[in-house]
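If you want the building blocks of each chain, they are given just below.
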Amino acid sequence: MNCSDTRELLHAFLDSELDAPLSIEIQRHLERCCDCGREAEVERTIRKALVNSLEKAAAAGETDERTLLPDILTSAPDQNQRFRGSWLRRVVWTAAAGLLLGLGAWRTLRQADSSSPASLVPRTLVEDFVGMVADPGKIQLASEDSEAVAHWFWEKLGFDVELPAMRGRCTLVGGRCCTIAGQPAAFALYDMEGSPAALVAVRLDQSGETRGPRAPRGSVARRIDHLEGHTVVSCERNQIAYAAVGPLPAERLLELMPLDCGQRDDDR
Amino acid sequence: MPASEELFVDFVRPHLGRLRVVAHQYARNAEDARDLIQETLLRAWRDMAAAEGRVRHRGWLLAILRNVARDWSRLASRRIRLEPIGDFELTELVAADLREPLAPVTGMTEAQFREFLDERVASALDVLEDPYREVLILSVAGDLRYAEIAEMLGCPMGTVMSRIARARRRLREHLADMAPRTQAARPHRP
Chain A
1358 MNCSDTRELL
1368 HAFLDSELDA
1378 PLSIEIQRHL
1388 ERCCDCGREA
1398 EVERTIRKAL
1408 VNSLEKAAAA
1418 GETDERTLLP
1428 DILTSAPDQN
1438 QRFRGSWLRR
1448 VVWTAAAGLL
1458 LGLGAWRTLR
1468 QADSSSPASL
1478 VPRTLVEDFV
1488 GMVADPGKIQ
1498 LASEDSEAVA
1508 HWFWEKLGFD
1518 VELPAMRGRC
1528 TLVGGRCCTI
1538 AGQPAAFALY
1548 DMEGSPAALV
1558 AVRLDQSGET
1568 RGPRAPRGSV
1578 ARRIDHLEGH
1588 TVVSCERNQI
1598 AYAAVGPLPA
1608 ERLLELMPLD
1618 CGQRDDDR
Chain B
26 MPASEELFVD
36 FVRPHLGRLR
46 VVAHQYARNA
56 EDARDLIQET
66 LLRAWRDMAA
76 AEGRVRHRGW
86 LLAILRNVAR
96 DWSRLASRRI
106 RLEPIGDFEL
116 TELVAADLRE
126 PLAPVTGMTE
136 AQFREFLDER
146 VASALDVLED
156 PYREVLILSV
166 AGDLRYAEIA
176 EMLGCPMGTV
186 MSRIARARRR
196 LREHLADMAP
206 RTQAARPHRP
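Keeping their order, the protein sequence lines are chains A and B.
Just so we're aligned: 1396 in my numbering is position 39 of the first sequence, and the numbers increase by one with no gaps anywhere.
Just so we're aligned: 34 in my numbering is position 9 of the second sequence, and the numbers increase by one with no gaps anywhere.
Derived from the structure by calculation, the hints contain no laboratory data.
A couple of the hints might just be wrong.
Stated by the list, open to error - Okay, the calculated bits of chain B under chain A, using three or more residues with CB under 8 Å as the criterion: (1) 41-49; (2) 52-63; (3) 144-158; (4) 163-170; (5) 188-198.
Claimed, not checked - If you want the ones that stay clear, here's a sample from chain B, every Cβ over 10 Å from chain A, calculated: (6) Gly84; (7) Arg139; (8) Pro181; (9) Met203.
To be verified - Computed Cβ-Cβ distance ranges for the label pairs, DEER-style: (10) B:Pro39 - A:Ile1496: 25 to 33 Å; (11) A:His1508 - B:Met182: 57 to 65 Å; (12) B:Glu56 - A:Asn1359: 46 to 54 Å; (13) B:Asp35 - A:Val1408: 20 to 28 Å; (14) B:Glu31 - A:Arg1395: 28 to 36 Å.
What you are looking at is a predicted structure, and each value in this text was computed from that prediction instead of being measured.
Yeah, the Cβ is synthetic: ideal placement off N, Cα and C, and Gly gets one too.
Isolated chain A, as found in the complex:
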């Protein structure tokens, strides 16, 4: 084994990828050759520093495994609408969407799949909601005027957010601009007869890529999640994902959703 051959195989040797006879040959060469031995030591040190650096970067941004394991695996058995297995979940989603829309016009499963922001972040939404309620200082624009808050969202975020018109049972507290999964998001906080609730709006991807057959105009699929005493009702409309969050039944949270999100106007 000479220096040239050793250099060619050095990294595979250090990664324990070589068979025993070859490894022994290289080890013997490293023990005899000061230059190659030193190079191996430098490479080992670099590898160790790289591992430490990567682990430190990951550790800085993450908490415990409960925030990593998705809802499907950590939900309590007595919560409603917790589905096990993709086939059952897809069947129930499709059936629920069909029932709500009444005439069987619903989006394909790909548009309700787990690559959309709304379907990936129920836990994030609940956590953000709880944080907002706990700290009113996070509200950036305090106002009961839904037109003013919607206009402010448009100025800050560049897209139209449909906020419900004010009614006796629902009072707008204010709005906040934030990000969800790296996307600009509107967060509107409401008081629904003493219970807090929020409407979150996130603009969907702008690539124009079609992710499945386009649904008929105005028809959307709706999803309901239950998590830690909160309900998350989400839907998509006009390339915006909406989610209503709060410690309330889904029927109440629907009052915050834009028209046509699974509900007729005279139901309000």
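Position chain B against the provided structure of chain A, taking the given hints into account.
This is chain B only, laid out in the frame that chain A set:
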């Protein structure tokens, strides 16, 4: 928790650390990394339920994570920092190139070198070209064998070996470029 879920969680739990480290290299921020991992686990759960009895290992989880990152990189709404390399980008390298001496990182004592690495290795990795960076991360952070990486990327193992060796050389070259060249640094004598 149903038995099948318990089995899945028991399988996944030892690999969460590695998943986390690799996900942070694909994603631009902690939030995206968390979403990436969640989506990976969801797909793994579905796949495991659909193909009961097949042996699963960490390489399988990392392959799913890589596929999720690749899917997201095609969507404008996702910011993926590391672009997963396409299979066609993997080529055999000229063996002679790997026989050349490694870039010298001299002029430092051992303690200075370790301190220098702590400060610079992440930056050196960041400027590494994507094809090299990805295989290096799968090997070092994902702790995958070359054969597992080859299976994941759909290429011969020899290609992975040469790609990793080249990645380490490029990393070494970046570190050498960043190394201090001051008179205060004493040369290291073997």
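Against the structure, the hints:
no.	hint	verdict
1	41-49	holds (count 7)
2	52-63	holds (count 10)
3	144-158	holds (count 3)
4	163-170	holds (count 4)
5	188-198	holds (count 5)
6	Gly84	14 Å, holds
7	Arg139	7 Å, violated
8	Pro181	14 Å, holds
9	Met203	12 Å, holds
10	B:Pro39 - A:Ile1496: 25 to 33 Å	43 Å, violated
11	A:His1508 - B:Met182: 57 to 65 Å	60 Å, holds
12	B:Glu56 - A:Asn1359: 46 to 54 Å	51 Å, holds
13	B:Asp35 - A:Val1408: 20 to 28 Å	25 Å, holds
14	B:Glu31 - A:Arg1395: 28 to 36 Å	50 Å, violated
Of the numbered hints given earlier, the model fails hints 7, 10, 14; all others are met.
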